[in-house]
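Trainee: Mind docking chain B on chain A? Use the hints.
Sequence order for the protein chains is A and B.
Following our numbering, the numbering of the first sequence begins with 1 at its first residue and continues without gaps.
Following our numbering, the numbering of the second sequence begins with 1 at its first residue and continues without gaps.
Treat the hints loosely; a few may be bogus.
[As the list claims (entries may be wrong)] Here are the simulated BS3-like pairs of lysine-lysine, each with C-alpha atoms no more than 30 Å apart in a straight line: (1) B/Lys757 with A/Lys56; (2) B/Lys757 with B/Lys301; (3) B/Lys446 with B/Lys301; (4) B/Lys689 with A/Lys156; (5) A/Lys56 with A/Lys5; (6) A/Lys130 with B/Lys697; (7) A/Lys123 with A/Lys156; (8) A/Lys170 with A/Lys201; (9) B/Lys428 with A/Lys130; (10) A/Lys75 with B/Lys689; (11) B/Lys401 with A/Lys132.
[Claimed, not checked] Now the in silico label distances, taken between C-beta atoms and shown as ranges: (12) B/Ala389 with A/Asp186: 50 to 60 Å; (13) A/Pro39 with B/Pro310: 21 to 31 Å; (14) A/Asp118 with B/Leu317: 44 to 54 Å; (15) B/Leu429 with A/Gln154: 20 to 30 Å; (16) B/Leu717 with A/Leu127: 56 to 66 Å; (17) A/Leu127 with B/Gly318: 48 to 58 Å; (18) A/Lys170 with B/Ile747: 57 to 67 Å; (19) A/Glu112 with B/Glu734: 46 to 56 Å; (20) B/Val700 with A/Thr18: 45 to 55 Å; (21) B/Glu734 with A/Leu127: 51 to 61 Å; (22) B/Leu429 with A/Asp118: 13 to 23 Å; (23) B/Val286 with A/Glu112: 47 to 57 Å.
No wet-lab data here; the hints were simulated from the structure.
We treat Cβ as the ideally placed atom computed from N, Cα and C, and that holds for glycine.
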Amino acid sequence: MIEFKSVTKTYQEGKVATTALKSVDLTIEANTFLMVLGPSGSGKSTMLNLMGALDKPTEGQISVDGEPISQFDEKQLTHFRRRRLGFVFQEYNLLQSLSAAENVEVTARISENPLAVDEVLEKVGLLSHKDKFPYELSGGEQQRLSIARALVKQPKILFCDEPTGSLDEKTAKDVLGVLKKLNEEDGVTIVLITHNQSLAKIANRIIRLNSGEIADDTSNTPEPVEAIHF
Amino acid sequence: MILRHIIREVRARWVSVLLLGIMIALSSFVYTSVDLGIGAVERETDAYFETTNQEDFAISVTPLLSESDLDHLDTSCLYPVFTLNGLYQEDQSCFNNILNGRIDTMEDIADITLEARLYKDVSRSDVERSHDIRVMKNSETINKTYLENGRLPESSDEIGLLKNYMVRNGLSIGDTIKISESEYAITGEILVPDYTLPALTHPFLFTTDNQSIAVMTDDAFHALNAPVRLEIAGVFNEETTDLESAFAEADHDFYMGLTLTENNFRSGIIYTEIEGSKGTALFISVLIAFIGIVVVGLIFKKLIERSRRPFGILRSLGMTERELFVPFLVSVLVFSVLFLGIGYYIGYLSGPWIRDFFLDFYLLPRGDIIVSYEGVLIAVFVPLFVLMAMSAIILKRLLSKEPLDLIHMKVESDGRFTFKTVQRLIRKLNYFTRMQIAMLLRNFVKVTVFMIAIFSALIISFMSIGMFDIFTGTVDDYYESIDVRHIGYLETPRDIDTPQEKVIETQGTINGSQAFLIGLDPKSELHPLTNRDGEDIRDDLHEGIVISRSFSLLASIHAGDAVTIRLAGTSYETTVSGVADIYPGEHVFISREVLAQTFFDDSDYFNAVYSSEPLDEEAFMEVFTVQSLIDSMDEVHDLIMNVLYVVMATGLVLGMVIVYLLSVLTVEDNYYNIALFKVLGYTNREINKIVIGGYDKLTVLIFILSIPATMGIYRALTWFIATEYQMVMPFTFEWLNVLVIGAMYGIIYVLASLKAKRKIHAVSLQAALKIYQH
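Okay, chain A solo, but in the shape it has when bound:
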């Protein structure tokens, strides 16, 4: 369970202070597929960074499964990410000089109880491409590889930052299908941020952010991935 209590995040650049999140209160139960929507500058990425232990709030408290991560120092945050969280980014962020299997191994190596690399690649349909390098894979395959890299450590929560932003509709649906399966079959909590409203249908909870505040927070009956139209 992720809990935000009066969380505010302000960025100071020179003499200009920008508040990206304003006193946000939020609770996300385990096994949720949460879709965070909002236009550019609404605070989506800030929220993900704070939930994902990549950044610390200026004010307020954040806890994940009871662990007060807003009070952690950098070392503790690193350790927390290492144990508990997985990340998937819009730009895949793969290591170009490593093969598909090695990219997954990068995470497996620092995990406490990792899955077998081949098993994870099988799960995302890339086992036959395990020796290929990222530049030899299509965009969808690269994104599935980045999901595999996140999954190998068996994270309780998977944070996805515009995971379909660089993909065409068909490929994007493939990727979303993988995420949905993870949520439904493996019980992984998914927090997906996007500006694409049409993706919201597949989530069971939808939050809309605007100017650093939660404008809307609704429950949703998820639809299958095939129902989405970009």
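Mentor: Chain B alone, transformed into the frame defined by chain A:
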């Protein structure tokens, strides 16, 4: 606006830019200073040798009277003497007859002209420390005296000395010096072309602090109360021939050996020195320039890459490629010209210093520094052209991209083929090692430069530290190993009290190689003989001869070999019974009794005594004090050390600059990877291990490789000097040096790593990832 952007970039990275400038300036500086300095020496040297008719070769003849000399000995010359000097002291015309007879005989062998070069070694008596003066008898055709200032001596109480010696001892023309009881007025500053290095008493002793060449009138020379010594100077008349073979074939009993000037340490090492210095300087500056240019290229590329987003924005706003290209290229031009110019100017100012430094050692006329177009072209315009061309190519490649491609950063994925090939090879290595190799391969060019630069810097450092004791250590070691402190030389043997040990010291040949024969009592208490294992081998003198390790190396003669000793026409066959672990000179030890009986027909013969106590100078023709040699060696040592410190500092600076620049660049190149590792949950320690760890291992590997490389260079140098100059410089590899160099580079590397690690810690997390795309 573009210029303002460039200035801001430079300001933000001023340390790197400054170091870059230093690298550029250094390459121009090294070449210029040596080119101008050596050029000044070289120009004057050629003219000087031409005017003075420098010898083409020198012939050593036995100082003993040989059988064939009897053909030229008049009945009025039958004095009871064994040596040429003995005859000279008795009757100079008899001496001249023998000498002319030898010269005539040798001139018949080939189309050559010969002239005897007589000299006497004396000491000043008006100074506290021993000052050795080698007075040369004036030559008529070969090795003529060169006058730098003043005039040549015209009367018997006048003397001409080396300028270097006069300067170092505060002497001026008109001053007087005292030799024995006679005073001599200095009339001029002179040079003689057969001594371009003042190696008088010992090849390694070449300072002019307390030794000088001198000339006097012939009468004054003959009047000097000192033994006469000689060599025969020669020049080729028409074409050069293989004289050594011709002389060996003629097999005259007075002939001991021949040294071509180019192989003669005292007269010819200047040729190698000039070529060697120019070659070394060119090599170092090309090396620095190469490393510098590649590093400059890498950093320019980074600077330009950092500007890709602004470029993209400006291009999308309608700015042309040319409008962006020109200011950048002009900035590079200004930067390069500035630092190349600084390097050239410092080189120009250092030229006279290099020249004067050379002339501190070498006895040559002082030439002016003359700037040549060629020099400027090589030192400034060639590197400038390369830098400009390289920058233009990088800029052109970048600006030819579409504006949107410029705005979005790309993750570099070079070396795809390499990754794939290497991946198969390293599959079985552990994870971190594989990651480190992958990181190194990502930056193949940078890693290659790093390796070359560190390797070169290490070799420079090893070479300089390895030479710390090379000139003096062997001599000091030798004299410290023996208890001989004073050597008294006699022309005619007479009774000497104990504890002085009777010895024979003379020149001879062994299997055709010149040797310094020492007739030693096997029970000698003052002169022990030990082998490499430190075992006493004096008893080996009962079985045959004991040779020094240096002679063994030079003549390729080893323990157990059968050898023939030749001395003034008499031969003696024996075997090498041992090799003594001593290096200076071509020392060969033989039982005094055997030497005396075989070559002097008198088993009690001796011509010198070894003593641990001071000797009565009146009782001997000449007394040599070991301490004076050691003191002089210390001065040479100090001089050499100053040079070596400079060389060593150059190596260290080179190493430091490279390690610093490349460690900083490494972090920047891996900015994306570092951010990604951080997001994934890698600790800073693990990231350091992956990103910097490869360099750690590589540096250790290069360090290890530099050790055998240095050993190889030592061997090659020892071989080269032994082959070319018949001198053994025993470069020995000290493991202590490995520790010292290792510690120094370790500190530099750790400091640079700390800097790199601090930069790694400062890399932000997801923000860094967001600026890249595939």
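Trainee: Each of the hints needs a verdict: does it hold here or not?
Mentor: Verification of the supplied hints:
Note on B/Lys757 and A/Lys56: the hinted pairing holds, with a Cα-Cα distance of about 23 Å set against a maximum of 30 Å. Taken as a hint, the B/Lys757 and B/Lys301 pair is honoured in the structure, with Cα atoms around 22 Å apart against an allowance of 30 Å. Restraint check for B/Lys446 and B/Lys301: satisfied, since their Cα atoms lie roughly 12 Å apart, inside the 30 Å limit. Under the criterion of a C-alpha separation no larger than 30 Å, the hint pairing B/Lys689 with A/Lys156 is consistent with the structure, at around 28 Å.
Annotation: proposed proximity of A/Lys56 to A/Lys5 holds, straight-line Cα distance about 13 Å (limit 30 Å). For the hint linking A/Lys130 to B/Lys697, the alpha-carbon distance of about 29 Å falls within 30 Å, and the restraint holds. Under the criterion of a C-alpha separation no larger than 30 Å, the hint pairing A/Lys123 with A/Lys156 is consistent with the structure, at around 17 Å. Between the alpha carbons of A/Lys170 and A/Lys201 the distance comes to roughly 16 Å, so the proposed pair stays at or under 30 Å and holds.
Between B/Lys428 and A/Lys130 the alpha-carbon distance is near 16 Å, which keeps this suggested pair within the 30 Å criterion. The straight-line distance between the Cα atoms of A/Lys75 and B/Lys689 is roughly 16 Å, inside the 30 Å bound, and the hint therefore holds. Our distance criterion of 30 Å between C-alpha atoms is met by B/Lys401 and A/Lys132, whose separation comes to about 28 Å. The hint said 50 to 60 Å for the Cβ distance between B/Ala389 and A/Asp186, and at roughly 58 Å that hint holds.
Between A/Pro39 and B/Pro310 the beta carbon distance is about 26 Å. The supplied range of 21 to 31 Å therefore holds. In this structure, A/Asp118 and B/Leu317 meet the distance hint of 44 to 54 Å, their C-beta atoms being roughly 50 Å apart. Between B/Leu429 and A/Gln154 the Cβ separation comes to about 26 Å, which falls inside the hinted range of 20 to 30 Å. Between B/Leu717 and A/Leu127, the C-beta spacing of about 60 Å keeps the proposed range 56 to 66 Å intact.
Checking the proposed 48 to 58 Å range against A/Leu127 and B/Gly318 shows it holds: the Cβ atoms sit about 50 Å from each other. One distance hint, 57 to 67 Å for the beta-carbon pair A/Lys170 and B/Ile747, holds here, with the actual separation near 58 Å. Look at A/Glu112 against B/Glu734: about 50 Å separates their beta carbons, and that is inside 46 to 56 Å. One distance hint, 45 to 55 Å for the beta-carbon pair B/Val700 and A/Thr18, holds here, with the actual separation near 47 Å.
The beta-carbon spacing between B/Glu734 and A/Leu127, approximately 58 Å, falls within the hinted interval of 51 to 61 Å. Between B/Leu429 and A/Asp118 the beta carbon distance is about 20 Å. The supplied range of 13 to 23 Å therefore holds. A beta carbon spacing of about 54 Å between B/Val286 and A/Glu112 agrees with the range 47 to 57 Å that was offered as a hint.
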